[in-house]
Amino acid sequence: MSLLRARGVSVRFGDFAAVSGVDVAAGAGALVGLIGPNGAGKTSLLRALAGLVPCEGVVELEGQPIDRIGRRRFARTVSYLAQAQPVHWPFAVRDLIALGRLPHRAPFQGLSAEDHRAVAEAMAAAAVTDLAERAVDTLSGGERARVLLARALAVQAPILLVDEPIAALDPYHQIEIMELLRGYAEAGALVVAVLHDLMLAERFCHRLLLLRQGKLLADGAPGEVLVDENVRAAYHVTVIHAGHEGRRITVPWERVEEP
Amino acid sequence: MTPVRRVGTVCAVLAVLVAALFALSVLVGRGGSWLPSAGTLNQGVADIILYQVRLPRALLGLMTGAVLGLSGAALQGLLRNPLAEPGLIGASGGAALGAVVVFYFGLFGGAMAVPAGGFVGALLALLVLYLMAGRSADVMSLILAGIAINAFTGALTSLALNLAPSPWAALEIVFWMLGSLADRSMDHVAFAAPFAVGGGLLILTAGRALDALSLGQDTARSLGFSPRATTIRVILGTGLAVGALVSVTGMIGFVGLVVPHLLRPWVGHHPSRLLLPSALAGSAVVLAADILVRLPVRGPELKLGVVTALIGAPFFLHLILKARRGTA
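Order-wise, the sequence lines are chains D and B.
Here my numbering is used: the first residue of the first sequence is 1, the next is one more, and so on.
Here my numbering is used: the first residue of the second sequence is 260, the next is one more, and so on.
Worth double-checking, as some hints may not be accurate.
[What the hints assert, rightly or not] In silico negatives: residues of chain B with every beta carbon more than 10 Å from chain D:
id, residue
1, 274
2, 303
3, 383
4, 436
5, 472
6, 474
7, 483
8, 530
9, 557
10, 573
[To be verified] Short derived list, chain D residues pointing at chain B, Cβ under 8 Å:
id, residue
11, 57
12, 87
13, 88
14, 91
15, 95
16, 102
17, 110
Since the hints were derived computationally from the structure, they do not count as laboratory data.
If you're wondering where the values come from, they're calculated on a predicted model, not measured in any experiment.
Yeah, the Cβ is synthetic: ideal placement off N, Cα and C, and Gly gets one too.
Let the hints inform the model, and build the full structure from the sequences given.
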């Protein structure tokens with residue numbers, strides 16, 4: 001049985017269908033990249049998988065429709081990191097990351113020893129332990145991205161859904177976060193990440209889902225998905241393929257006129 | 260010190276302060292006179308002063324401050340806006356209008372007519388807020404709806420003043436709106452207490468959800484909280500509690516705005532950690548201001564709302580300047 005499954009999922013905003021009839025299933029231990037051009041429906045599909053937007057069709061968690069799962073149980077099972085995640089108050093980093101433990105805490109109960117351990121582990125995994133006492137509004141872009149990811153990791157959920165976690169980061173921090181996501185997946189979780197960087201998606205993801213105009217255009221291993229025909233159809237660019245250390249690298253190259 | 264322990268310490272200190280100010284409020288009278296001892300006055304008169312004058316006043320100060328501080332902290336958390344204050348959602352404007360309508364038309368007899376009218380006004384304002392913004396948890400809709408309700412109730416209140424049958428009626432309305440705890444009875448306390456306690460509890464249970472909302476609505480939902488349910492809880496709690504108390508006391512400004520800012524350096528920015536300390540600090544501020552207004556020996560007693568604004572506004576300015584220096 002799949003850990004997470006979408007069956008005929010469509011997301012509509014009025015007459016506009018952001019996602020149309022997507023069928024996809026994924027199991028634990030994989031980093032799945034959700035790719036596609038701007039407006040392809042990546043964020044809408046991810047939000048549908050996270051139960052954050054009303055959709056047609058069914059999203060199932062271990063075979064059970066998510067709208068029949070209790071809110072707290074679902075929150076402990078699926079962790080979600082929004083695109084351009086706002087933080088409205090200048091929390092200390094440790095306090096911000098501890099918000100990830102909210103689904104585990106009973107009302108009016110403080111942080112348990114297990115919560116403290118989960119926060120420490122998340123900070124260590126995202127390499128932000130040194131920032132623990134800093135106010136979040138004093139962090140650089142890279143530090144902030146790692147702290148926000150640590151907040152999502154602190155939930156210790158078996159499913160992690162992240163929306164553009166490496167946008168606006170320099171190459172060092174992009175690679176650092178992709179390594180972290182792959183490591184979290186290989187430790188036994190399902191990670192679904194919306195990505196724009198095809199080279200990093202190809203290098204780090206176990207599987208790619210390519211969306212175009214709300215529909216699933218291709219689904220498979222990076223080498224199967226990132227072929228010239230698919231990339232041209234989705235992004236209207238050509239690609240060139242290179243190799244390094246025995247691995248294929250796909251580089252977007254030239255725009256092609258839209259048909 | 261852990262954050263939870265720090266909040267506990269702050270609450271303990273504030274509770275002692277509130278208890279001391281409450282005792283002072285009961286003991287200190289006009290011009291700073293103490294409660295007469297049984298030897299100097301007829302026991303019956305002393306009891307009347309204590310139970311029918313001072314105690315209701317102190318209890319109303321305690322409740323009003325707690326509700327203003329608590330709802331100010333909760334609304335700042337809900338709207339993710341440090342400038343939010345209890346008046347923003349329109350319940351106080353509605354309460355003022357309701358009370359003014361009773362003044363103006365003399366609709367009912369009895370001492371509780373004005374509070375009853377005020378509370379009906381607050382409930383109507385909440386209903387309008389729900390119709391305008393209540394179907395979503397959208398912050399901007401709430402703020403804009405609150406502004407619109409405040410503008411409209413303000414205009415109608417001004418209209419009542421404009422058309423007041425006599426200068427004395429207008430003066431009575433204006434004086435009531437300035438906010439005061441003087442000349443209130445235990446009936447007023449009994450009227451407001453259930454709504455203050457009920458509304459306050461409703462708000463207190465929203466603390467965790469407000470923390471989660473600090474990361475936006477999607478993240479709050481992914482952490483297991485419903486933004487809509489949280490919004491309804493905070494708005495309804497604020498509307499009932501503030502509406503009932505404004506109906507009894509008139510407008511008392513700046514407490515709900517300033518108190519959470521005063522406490523953030525001590526307890527941090529988590530809305531949940533601010534709620535209880537803000538309620539206690541709000542009580543302390545209103546009780547202290549209400550003691551202050553009765554100290555002058557000569558002239559009319561100062562209105563409580565005037566004093567809280569006189570102290571609150573420059574203090575708020577000071578906080579803003581301090582924050583700007585901190586970020587410069």
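| query | Would residue 383 (chain B) pass as off the interface with chain D, using Cβ distances and a cut of 10 Å? | reply | Correct as stated: the minimum Cβ-Cβ distance to chain D is 31 Å, above 10 Å.
| said: So residue 483 (chain B) supposedly isn't at the interface. Is its beta-carbon more than 10 Å from every beta-carbon in chain D? | reply: Violated, since 3 Å does not exceed 10 Å.
| task | Just double-check residue 274 (chain B) for me: nearest Cβ-Cβ distance to chain D has to come out over 10 Å. | result | 18 Å, holds
| field | Restraint check, 8 Å cut-off on beta carbons, for residue 91 (chain D) near chain B | value | Status holds, d = 6 Å.
| said: Hint validation: residue 102 (chain D) versus chain B, beta carbon distance must be below 8 Å. Holds or violated? | reply: With a closest approach of 5 Å, the residue 102 (chain D) hint holds.
| Is the Cβ of residue 303 (chain B) more than 10 Å away from each Cβ in chain D? | Non-interface label on residue 303 (chain B) holds, nearest chain D Cβ at 46 Å vs cutoff 10 Å.
| Exclusion check [residue 530 (chain B) not at the chain D interface, CB over 10 Å] | 8 Å, violated
| task | Let me know if the C-beta of residue 110 (chain D) comes in closer than 8 Å to any C-beta of chain B, holds or violated. | result | Since the shortest Cβ distance to chain B is 5 Å, the answer is holds.
| said: Please check whether residue 95 (chain D) passes as an interface residue: C-beta within 8 Å of a C-beta belonging to chain B. | reply: This hint holds: residue 95 (chain D) lies near chain B, its Cβ roughly 7 Å from the closest one there, short of 8 Å.
| query | Against chain B, is residue 57 (chain D) within 8 Å by beta-carbon distance? | reply | 19 Å, violated
| field | Consistency of the no-contact label for residue 474 (chain B), given chain D and a CB cut of 10 Å | value | 6 Å, violated
| Assertion that residue 436 (chain B) lies outside the chain D interface [Cβ separation over 10 Å] | 33 Å, holds
Of the numbered hints listed earlier, those contradicted by the structure are 5, 6, 7, 8 and 11.
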